[in-house]
Amino acid sequence: MRIFLLLLLLSTSAVQAQNIPIITQADLYTLLAKNDDTLRVVNFWATWCGPCVQELPHFEKLQRNHHDKPLKVILVSLDFASQLQKRVVPFVKKRKLTSTVVLFDGGDPNQWIDRVEPRWSGSIPATLFLYKGKRIFYEGQLSEPELYQYIQKIKKQTP
Amino acid sequence: MKQFSLALVALLLSFGASAQYKTGDKARDFKLKNIDNKKVSLSQYKQAKGFIVVFTCNHCPWSQAYEQRIIDLDKKYKPLGYPVIAINPNDPDVQPQDSFEEMKKRAKKFGYTFPYLVDEGQDVTRDYGASRTPHVYILNKEEAGLMVRYIGAIDDNTEHPDQVLQHYAEEALQDLLEGTYVRNGNTKAVGCTIKWKKS
Chain A
12 MRIFLLLLLL STSAVQAQNI PIITQADLYT LLAKNDDTLR VVNFWATWCG
62 PCVQELPHFE KLQRNHHDKP LKVILVSLDF ASQLQKRVVP FVKKRKLTST
112 VVLFDGGDPN QWIDRVEPRW SGSIPATLFL YKGKRIFYEG QLSEPELYQY
162 IQKIKKQTP
Chain B
14 MKQFSLALVA LLLSFGASAQ YKTGDKARDF KLKNIDNKKV SLSQYKQAKG
64 FIVVFTCNHC PWSQAYEQRI IDLDKKYKPL GYPVIAINPN DPDVQPQDSF
114 EEMKKRAKKF GYTFPYLVDE GQDVTRDYGA SRTPHVYILN KEEAGLMVRY
164 IGAIDDNTEH PDQVLQHYAE EALQDLLEGT YVRNGNTKAV GCTIKWKKS
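Protein chains in written order, with the working numbering: chain A, 12 to 170; chain B, 14 to 212.
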């Protein structure tokens with residue numbers, strides 16, 4: 012039921028920015044395993060992470076420019092769960108973020124980092140591009156041209 | 014030409030190998046400036062059995078969450094031969110909160126019991142292959158030299174120290190103190206990116 016609610020939430024693009032669900036490891040794996048015609052850009056970030064905040068507008072713009080296309084930006088906050096109401100909600104509200112935002116409370120990172128992406132050392136920002144069973148991973152801050160390059164790259168890639 | 018490209022590959026491979034420590038590698042010594050302006054190198058510690066080298070910094074909330082635990086590690090393991098050596102890898106031009114002056118303030122405010130060094134050239138950080146803060150390297154003095162025996166996290170719960178189930182770094186230290194091999198030499202954790210100098 013919980014996963015169903017999460018999927019419902021992730022599938023509607025007109026999500027109220029204020030509704031930020033806390034998701035678990037299982038929820039995240041379900042999200043990453045989705046294999047349909049939607050190109051998903053999954054960005055791991057945190058409100059206090061400078062490079063993450065700098066690249067956020069690129070993701071927002073990408074989502075706005077593709078609002079009628081099968082492209083979804085999902086911003087996975089790694090802020091502490093206890094900071095959801097105090098930091099994450101006000102941040103999302105203030106910046107008027109329109110992309111889907113979730114807070115990932117995954118427990119021991121040693122359990123999930125490799126499962127999300129073995130090449131990920133654990134620093135943020137980090138971004139996954141997922142499209143029709145294909146995936147590209149990038150650890151570090153993305154410029155706007157780089158973001159679009161990866162979008163083009165994954166579209167062209169053969170699975 | 015073929016020989017040349019082979020040599021080039023060998024050269025690149027050797028760079029690759031030295032650029033990032035893995036467990037089992039030999040660690041090199043360094044000489045870095047401490048917050049008291051004195052230089053610190055590992056070879057000064059004649060009595061040490063090894064070191065807990067922690068790449069950490071002032072500004073990063075994950076480093077802050079672990080700050081007391083790093084102090085506790087030093088208090089517990091320094092008498093047993095494994096002192097903490099903290100290194101701030103960040104370029105203060107990119108992250109002003111990680112400046113030398115701020116390091117001094119932070120160490121004083123929170124009562125650091127260990128050296129807090131600045132890696133001005135970022136060469137040590139590059140050599141070790143640290144990619145985030147905090148990032149722990151446990152080194153062990155052995156016949157072959159100073160060997161890297163553990164790379165990774167301090168424990169499995171950043172946010173709630175009271176809910177930690179696996180004390181990864183301590184488990185590695187206990188293994189070393191018991192003279193056995195480290196059972197879990199590599200773990201991963203979430204952390205802040207290293208703030209590299211803008212070239």
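Worth flagging that the hints you see were computed from the coordinates, not collected in a lab.
None of these values were measured; they are calculated from a predicted model.
The C-beta atom is built at its ideal place from N, Cα and C for all residues, glycine as well.
Treat the hints with care, since some could be wrong.
Computed footprint of chain A on chain B; a stretch qualifies when at least three of its residues, placed anywhere within it, have a C-beta under 8 Å from a C-beta of chain A [to be verified]:
#1 167–175
#2 195–205
Below, simulated DSS-like cross-link-like pairs (lysine-lysine); rule was C-alpha separation at most 30 Å, straight line [said to hold, decoys possible]:
#3 Lys211(B) <-> Lys88(B)
#4 Lys52(B) <-> Lys154(B)
#5 Lys118(B) <-> Lys91(B)
#6 Lys97(A) <-> Lys166(A)
#7 Lys154(B) <-> Lys211(B)
#8 Lys80(A) <-> Lys143(A)
#9 Lys143(A) <-> Lys72(A)
#10 Lys52(B) <-> Lys97(A)
#11 Lys122(B) <-> Lys88(B)
#12 Lys145(A) <-> Lys97(A)
#13 Lys164(A) <-> Lys97(A)
#14 Lys164(A) <-> Lys122(B)
#15 Lys72(A) <-> Lys211(B)
#16 Lys80(A) <-> Lys97(A)
#17 Lys210(B) <-> Lys59(B)
#18 Lys210(B) <-> Lys72(A)
#19 Lys97(A) <-> Lys122(B)
#20 Lys97(A) <-> Lys59(B)
#21 Lys164(A) <-> Lys91(B)
#22 Lys211(B) <-> Lys62(B)
#23 Lys164(A) <-> Lys80(A)
Restraint ranges, calculated between C-beta atoms of paired labels, are given here [unchecked claim]:
#24 Gly158(B) <-> Phe148(A): 33 to 43 Å
#25 Gly134(B) <-> Phe148(A): 22 to 32 Å
#26 Lys35(B) <-> Asp47(A): 46 to 56 Å
Consistency of the hints with the structure:
Using a Cβ-Cβ cut-off of 8 Å, 4 residues of the segment 167–175 of chain B lie near chain A, which meets the minimum of three, so the contact claim holds. Beta-carbon proximity to chain A at under 8 Å applies to 6 residues in the segment 195–205 of chain B; the threshold of 3 is reached and the given coverage holds. For the given pair, Lys211(B) sits about 36 Å from Lys88(B) by alpha-carbon distance, which is inconsistent with the 30 Å threshold. For the given pair, Lys52(B) sits about 21 Å from Lys154(B) by alpha-carbon distance, which is consistent with the 30 Å threshold.
Between Lys118(B) and Lys91(B), the direct Cα distance comes to roughly 23 Å. Compliance with the 30 Å bound is thereby established for this hinted pair. With a C-alpha separation of about 38 Å, the suggested pairing of Lys97(A) with Lys166(A) is violated against the 30 Å cut-off. Straight-line distance between C-alpha atoms of Lys154(B) and Lys211(B) comes to about 35 Å, which puts the hinted pair past the 30 Å bound. For the proposed pair Lys80(A) and Lys143(A), the alpha carbon gap of about 15 Å is at most 30 Å, so the pair holds.
Taking the CA atoms of Lys143(A) and Lys72(A), the gap is near 23 Å; set against the 30 Å cutoff, the hint holds. With a C-alpha separation of about 42 Å, the suggested pairing of Lys52(B) with Lys97(A) is violated against the 30 Å cut-off. Between Lys122(B) and Lys88(B), the direct Cα distance comes to roughly 17 Å. Compliance with the 30 Å bound is thereby established for this hinted pair. As the CA atoms of Lys145(A) and Lys97(A) are separated by approximately 36 Å, the hinted pair breaks the 30 Å bound.
A threshold of 30 Å between alpha carbons decides the hint, and for Lys164(A) with Lys97(A) the separation of about 38 Å lies outside it, so the pair is violated. Between Lys164(A) and Lys122(B), the direct Cα distance comes to roughly 49 Å. Violation of the 30 Å bound is thereby established for this hinted pair. For the given pair, Lys72(A) sits about 26 Å from Lys211(B) by alpha-carbon distance, which is consistent with the 30 Å threshold. Our distance criterion of 30 Å between C-alpha atoms is broken by Lys80(A) and Lys97(A), whose separation comes to about 33 Å.
At roughly 33 Å between alpha-carbon atoms, Lys210(B) and Lys59(B) are farther apart than 30 Å, so this suggested pair is violated. Distance check on the hinted pair: Lys210(B) and Lys72(A) sit about 28 Å apart at the alpha-carbon level, within 30 Å; holds. Of the pairs offered as hints, the one joining Lys97(A) and Lys122(B) holds, with about 25 Å between alpha carbons and a cut-off of 30 Å not exceeded. Under the criterion of a C-alpha separation no larger than 30 Å, the hint pairing Lys97(A) with Lys59(B) is inconsistent with the structure, at around 48 Å.
As the CA atoms of Lys164(A) and Lys91(B) are separated by approximately 51 Å, the hinted pair breaks the 30 Å bound. Pair hint Lys211(B) plus Lys62(B) does not hold up; C-alpha atoms about 37 Å apart against a cutoff of 30 Å. In summary, the hint linking Lys164(A) to Lys80(A) is supported, as the alpha carbons are separated by about 17 Å, within the 30 Å threshold. The hinted range of 33 to 43 Å is satisfied by Gly158(B) and Phe148(A), whose Cβ atoms lie roughly 35 Å apart.
Judged by the Cβ atoms, the range 22 to 32 Å given for Gly134(B) and Phe148(A) holds: they are separated by roughly 29 Å. Range check, Lys35(B) to Asp47(A): Cβ separation about 38 Å, and the 46 to 56 Å hint is violated.
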